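Make the full structure from the sequences, and use the hints.
Chain by chain, the residues:
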Amino acid sequence: MIDKTVASLAQALHDVQDGATVLVGGFGGAGQPVELLDALVEQGARELTIVANNAGNGETGLAGLLKAGRVRKLICSFPRAADGQVFEALYKAGKVELELVPQGNLAERIRAAGAGIGGFFTPTGYGTDLARGKETRRIDGRDYVLEYPIHADLALVRAERADRWGNLTFRKAARNFNPVMAMAARCTIAQARELVPLGSLDPETIVTPGIFVNRVVHVPATAK
Amino acid sequence: MSAKRLTRDQMAALVARDIPEGSYVNLGIGLPTLVANHLPQDREVFLHSENGILGMGPAPAAGEEDWDLVNAGKQPVTLLVGGAYFHHADSFAMMRGGHLDICVLGAFQVSATGDLANWHTGAPDAMPAVGGAMDLAIGAKRTFVMMEHTTKSGEHKIVDQCTYPLTGVACVKRIYTDLAVIDVTPEGLVAREWVEGLSFEELAALTGAPLRRS
Chain A
22 MIDKTVASLA QALHDVQDGA TVLVGGFGGA GQPVELLDAL VEQGARELTI VANNAGNGET
82 GLAGLLKAGR VRKLICSFPR AADGQVFEAL YKAGKVELEL VPQGNLAERI RAAGAGIGGF
142 FTPTGYGTDL ARGKETRRID GRDYVLEYPI HADLALVRAE RADRWGNLTF RKAARNFNPV
202 MAMAARCTIA QARELVPLGS LDPETIVTPG IFVNRVVHVP ATAK
Chain B
24 MSAKRLTRDQ MAALVARDIP EGSYVNLGIG LPTLVANHLP QDREVFLHSE NGILGMGPAP
84 AAGEEDWDLV NAGKQPVTLL VGGAYFHHAD SFAMMRGGHL DICVLGAFQV SATGDLANWH
144 TGAPDAMPAV GGAMDLAIGA KRTFVMMEHT TKSGEHKIVD QCTYPLTGVA CVKRIYTDLA
204 VIDVTPEGLV AREWVEGLSF EELAALTGAP LRRS
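Which chain is which? The protein sequence lines are A and B, in order. When we follow this note's numbering, the leftmost residue of the first sequence carries the number 22, and every step to the right adds one. When we follow this note's numbering, the leftmost residue of the second sequence carries the number 24, and every step to the right adds one.
Calculated directly from the structure, the hints in this document are not laboratory data. For clarity, every value in this text was computed on a predicted model and none was experimentally measured. Glycine included, each C-beta is placed from N, C-alpha and C at the ideal position. Be aware that one or more of the hints could be misleading.
Computed footprint of chain B on chain A, listed as stretches where at least three residues anywhere in the stretch have a Cβ under 8 angstroms from a Cβ of chain B [as the list claims (entries may be wrong)]:
| id | region |
| --- | --- |
| 1 | 99–110 |
| 2 | 118–124 |
| 3 | 146–160 |
| 4 | 191–199 |
Partner residues are not named here, just some residues of chain B that face chain A (Cβ under 7 angstroms, in silico) [said to hold, decoys possible]:
| id | residue |
| --- | --- |
| 5 | ASN74 |
| 6 | GLU88 |
| 7 | LEU92 |
| 8 | HIS111 |
| 9 | ARG119 |
| 10 | HIS122 |
| 11 | PRO151 |
| 12 | VAL153 |
| 13 | MET157 |
| 14 | PRO188 |
| 15 | LEU189 |
| 16 | ALA232 |
Calculated lysine-lysine pairs in the BS3-like style (CA-CA distance at most 27 angstroms, straight line) [said to hold, decoys possible]:
| id | chain 1 | residue 1 | chain 2 | residue 2 |
| --- | --- | --- | --- | --- |
| 17 | B | LYS97 | A | LYS88 |
| 18 | B | LYS175 | B | LYS27 |
| 19 | A | LYS193 | A | LYS25 |
| 20 | A | LYS88 | A | LYS113 |
| 21 | B | LYS97 | A | LYS193 |
| 22 | B | LYS27 | B | LYS196 |
| 23 | A | LYS113 | A | LYS94 |
| 24 | B | LYS164 | A | LYS155 |
| 25 | B | LYS97 | A | LYS94 |
| 26 | A | LYS116 | A | LYS94 |
| 27 | B | LYS27 | B | LYS97 |
| 28 | A | LYS113 | B | LYS97 |
| 29 | A | LYS155 | A | LYS94 |
Set out below in structure tokens:
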């Protein structure tokens, strides 16, 4: 019997290596796997490259990982936030490297990794500072920039419901990067608000099929 | 100049006037967000949010906030009946793939050829952040800019060539300012309309690139 569920956050993260590249789902706080990130601080892996749309909020989750000094480099589209003081201080002190990527290129580079694409030509960023030094090509009269996939060792995602095969559904706009990232890592760990028996997710509405998911850990919703 | 500049809401109303029923529209953060308040209730327009929403509705009532349902500025919103959620790669395929009819963005500068600068002032101590600006600028069938005609200190924002870092090249189709509506055409900038009490010559003087009458 296949059962991808694991009993604890610590068990889910037990083999994360120093220097790993980690995809982190979420758009700001929505869909961010906060509990997995807090557990990654406990786990202790260092020198991480984090790929996420934003750079953390407040002091927990991604901001907590940054604050603990575990992140060497952040690949990100929008590191600014009203409560983004942790990253901003590290960045200004030169203690973390930032690779800024336009948001759609970020999503597509991750998608490309998951889909086995070796690179793609995108119009986004052409003629801007963020495309400086990159290969370009004119195709049918339009200018494009060559972008490469972002492969990762690990993806941390947040789902709404999961079953023991790792099939996932999401909730509202908390979906965002999570299904794309789930496809792009050697090991994908999903935290789910609800674990449901196999067969109780409608096959027509499963967003991430279990083939993209290696481990599932139950993290019930906490009262806000 | 005896002309009265438009308020931010009057500018938003002008943009809303020009969005036809059935349009798929992305409204950028800041000034463009106001446009939603001026779309008539009986005109069905599909608002897109980069984080995976079509059919985005207004802010919820106090106490009804759902933090799994936020807009591009991470503020709580609602979903209209018929709305849909999707993941980020699909959301940006909607932009880059030319499926959105109109996007409305704020700007620091727009050039005579429709280059847009709106993501970074270029100040060396400023932490850069781009988000979806570059995808939006080049993605929609028509990109509109909404901004004050000049800076607070009176410098041109419509210029021959942008001095701020570019967001996109030759992507702006129309500029709505607090003084005028200006089309970016292959033949240059063309003023479609301008506020009462302002002469065309005064408008042209406040514009940092050659301007023609429609």
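Taking the hints in turn, this is what the structure says about them:
Residues of the region 99–110 of chain A with a Cβ under 8 angstroms from some Cβ of chain B number 5, which satisfies the need for three, so the listed coverage holds. Taking a C-beta to C-beta cut-off of 8 angstroms, the region 118–124 of chain A contributes 5 residues in contact with chain B, enough for the three needed, and the coverage statement holds. Coverage of the region 146–160 of chain A by chain B holds in this model, with 6 residues showing a Cβ closer than 8 angstroms to a Cβ of that chain against a need of three. For the region 191–199 of chain A, the stated coverage by chain B is satisfied: 9 residues place a CB nearer than 8 angstroms to a CB of that chain, which reaches the threshold of 3.
Using the Cβ-Cβ criterion of 7 angstroms, the hint placing ASN74 of chain B at the interface with chain A is satisfied: the shortest such distance is roughly 4 angstroms. Of the supplied interface hints, the one on GLU88 of chain B is violated, with its beta-carbon coming no nearer than about 9 angstroms to a beta-carbon of chain A, more than 7 angstroms. Annotation: LEU92 of chain B was flagged as interfacial toward chain A, and the flag holds, the nearest CB pair being 4 angstroms apart, inside 7 angstroms. With a least beta-carbon distance of about 4 angstroms to chain A, the hint placing HIS111 of chain B at the interface is held under the 7 angstroms criterion.
With its C-beta approaching chain A no nearer than about 6 angstroms, ARG119 of chain B sits inside the 7 angstroms limit, and its interface hint holds. Nearest Cβ of chain A to the Cβ of HIS122 of chain B: about 13 angstroms, over the 7 angstroms cut. The hint is violated. Taking 7 angstroms as the C-beta cut-off, the interface hint given for PRO151 of chain B holds, the closest approach to chain A being about 5 angstroms. The criterion of a C-beta within 7 angstroms of any C-beta in chain A is met by VAL153 of chain B, whose closest approach is roughly 5 angstroms, and the hint holds.
For MET157 of chain B, the interface hint holds, since its Cβ comes within 7 angstroms of a Cβ in chain A; the closest pair sits about 4 angstroms apart. For PRO188 of chain B, the suggested interface contact is upheld, since its CB lies about 5 angstroms from the closest CB of chain A, less than 7 angstroms. Given hint, LEU189 of chain B at the interface with chain A, holds; its Cβ is 5 angstroms from that chain's nearest Cβ, closer than 7 angstroms. Among the interface hints, the one on ALA232 of chain B is violated; its C-beta lies about 18 angstroms from the nearest C-beta in chain A, farther than the 7 angstroms criterion.
Restraint check for LYS97 of chain B and LYS88 of chain A: the C-alpha separation of about 22 angstroms stays at or below 27 angstroms, so the hint holds. Taking the CA atoms of LYS175 of chain B and LYS27 of chain B, the gap is about 15 angstroms. The hint holds against a cut of 27 angstroms. A threshold of 27 angstroms between alpha carbons decides the hint, and for LYS193 of chain A with LYS25 of chain A the separation of about 24 angstroms falls inside it, so the pair holds. This hinted pair checks out: LYS88 of chain A and LYS113 of chain A have alpha carbons roughly 14 angstroms apart, not beyond 27 angstroms.
Using a Cα cut-off of 27 angstroms, the hinted pair LYS97 of chain B and LYS193 of chain A holds, with the two alpha carbons roughly 13 angstroms apart. For the hint linking LYS27 of chain B to LYS196 of chain B, the alpha-carbon distance of about 25 angstroms falls within 27 angstroms, and the restraint holds. At roughly 14 angstroms between alpha-carbon atoms, LYS113 of chain A and LYS94 of chain A fall within 27 angstroms of each other, so this suggested pair holds. At most 27 angstroms may separate the alpha-carbon atoms for a hinted pair to count; LYS164 of chain B and LYS155 of chain A meet this at roughly 26 angstroms.
Among the hinted pairs, LYS97 of chain B with LYS94 of chain A is consistent with the structure: their alpha-carbon atoms are about 24 angstroms apart, no more than 27 angstroms. Annotation: proposed proximity of LYS116 of chain A to LYS94 of chain A holds, straight-line Cα distance about 9 angstroms (limit 27 angstroms). With a C-alpha separation of about 34 angstroms, the suggested pair LYS27 of chain B and LYS97 of chain B falls outside the 27 angstroms cut-off, and the hint is violated. Straight-line distance between C-alpha atoms of LYS113 of chain A and LYS97 of chain B comes to about 24 angstroms, which keeps the hinted pair within the 27 angstroms bound.
With a C-alpha separation of about 20 angstroms, the suggested pair LYS155 of chain A and LYS94 of chain A falls inside the 27 angstroms cut-off, and the hint holds.
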